[in-house]
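Undergrad: Fit chain W to the given chain L structure using the hints.
Listed below, chain by chain, are the residues.
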Amino acid sequence: MKQYRPDVEFQKLRYSMMKSRNTLRRLQGKSAAPDPSRKPIPDNSEPWLPDGVRSIKDALWISDQIAKDIALWRRKLQPVN
Amino acid sequence: MEKKITASELIERFASRTRVLVLGGVAVISHGLSRNTYDADVWIDPAENAESWARLVLAIIAELPRVFPTRLPLWTPIAPADLAEAIENDGMIRLMGLDRPLDLFRRPNELEMDEFSDVWNRAKPLEDGTRLPDLIDLLVTKQRTGRQKDMTDIMFLELKIEGQYLEELPAASDARAEEMLRRFLTPNVARAALAHPSFAIRKLGYGYLQELAGDGDPYAAEYLREEPPPYETGKKPRSMPGIKMAAEFSNPQQ
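Chains as they are written, first to last, in our numbering: chain L, 1 to 81; chain W, 82 to 335.
Chain L on its own, in the form it takes in the complex (with noise of 0.2 Å):
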């Protein structure tokens, strides 16, 4: 069986982005860690379906509805003149 293992080259991007993120922090004067002071924002995303994905449809209807939306949001956003 194969070893699944992340690659290297995407770690070290992914590595230098949060080392310049703790950087521009620190010369902000800021500390890279979470505000203990900040009160957590609870999670309140909800499934799309009550049950999850049970057939291949399901998974199909929920990739049009996002569809949907990114259409509806891109028409909502055009500039009025």
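For the record, the hints were derived by calculation from the structure and aren't laboratory data.
Bear in mind the structure is a predicted one, so any value in this text is a computation, not a measurement.
By construction, the Cβ of each residue, glycine as well, lies at the ideal position given by its N, Cα and C atoms.
Treat the hints with care, as some may be off.
[What the hints assert, rightly or not] Cross-link-like lysine-lysine pairs, in silico, DSS-like; alpha carbons within 27 Å at most:
1. L:K57 / W:K85
2. W:K205 / L:K2
3. L:K30 / L:K12
4. W:K85 / L:K68
5. W:K284 / L:K12
6. L:K68 / W:K230
[As the list claims (entries may be wrong)] Stretch by stretch, here's where chain L covers chain W in the computed footprint (C-beta under 8 Å, at least three residues):
7. 96–107
8. 207–213
9. 220–233
10. 286–298
TA: Structure of chain W alone, referenced to chain L:
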């Protein structure tokens, strides 16, 4: 007038005749990522050879005059007599004439045809007769494609698996922990193995961290700078504060 058949209906027809595994965006959505997909991808049982695979595909689409197979790179139509040669060379074909393109794989990315049964046995059965590959098998098919959208899928799948591993690994039996490590390895997972009660697993995890660092993984190199070599048998493994961070990213929907 003939009603246009949908990709999901056609997949169900395939599933009633042979083993079908769901791949691509449909599979990632099924595992809980909220995204859309342009097409549907399935891995049809590779069968004995390309000829018998092509015969089955042709028999199923013969009932559907609007549906026709096409091939890479420009999705040019394939004559029925050339289907076996196309699938032998390309490993996949695309069916057009449905509500969306349907990609049929005989040899998917990064998986061998002789791995089909193992992937099938690990997969979750769906109500339409198809099966959904487990997270790790699906993740393997997303490697080395060079496509931006696959990077998002990889991040989602990796973090979800990592979250499950970080929960299970420290308390898993030796055999289970070894099996887990031999299948999926990230620096966080290797580091979590250092909290296992068994010296053998801690040693394995430490060895993996060294391997990852040797391959150039910067996280593994950083962990090695922080971690002492594994403790000898009988001594208490150190706890791993902060290692749960990755688990918090896993999608709450599933």
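Undergrad: A separate judgement is required for each hint: does it hold in the structure or not?
TA: Hint check:
For the hint linking L:K57 to W:K85, the alpha-carbon distance of about 15 Å falls within 27 Å, and the restraint holds. At roughly 20 Å between alpha-carbon atoms, W:K205 and L:K2 fall within 27 Å of each other, so this suggested pair holds. Taking the CA atoms of L:K30 and L:K12, the gap is about 24 Å. The hint holds against a cut of 27 Å. For the given pair, W:K85 sits about 21 Å from L:K68 by alpha-carbon distance, which is consistent with the 27 Å threshold.
Taking the CA atoms of W:K284 and L:K12, the gap is near 25 Å; set against the 27 Å cutoff, the hint holds. Of the pairs offered as hints, the one joining L:K68 and W:K230 holds, with about 19 Å between alpha carbons and a cut-off of 27 Å not exceeded. Remark: the stretch 96–107 of chain W is confirmed as covered by chain L, as 3 of its residues place a Cβ nearer than 8 Å to a Cβ of that chain, reaching the required three. Here's how the stretch 207–213 of chain W fares: 5 of its residues keep a CB closer than 8 Å to some CB of chain L, so the rule of at least three is met and the hint holds.
Proximity of the stretch 220–233 of chain W to chain L, defined as three or more residues with a beta carbon under 8 Å from a beta carbon of that chain, is established by the 5 residues found. Look at the stretch 286–298 of chain W against chain L: 4 of its residues bring a Cβ nearer than 8 Å to a Cβ of that chain, three or more, so the hint holds.
Against the hints set out earlier in the document, no violation occurs for any number.
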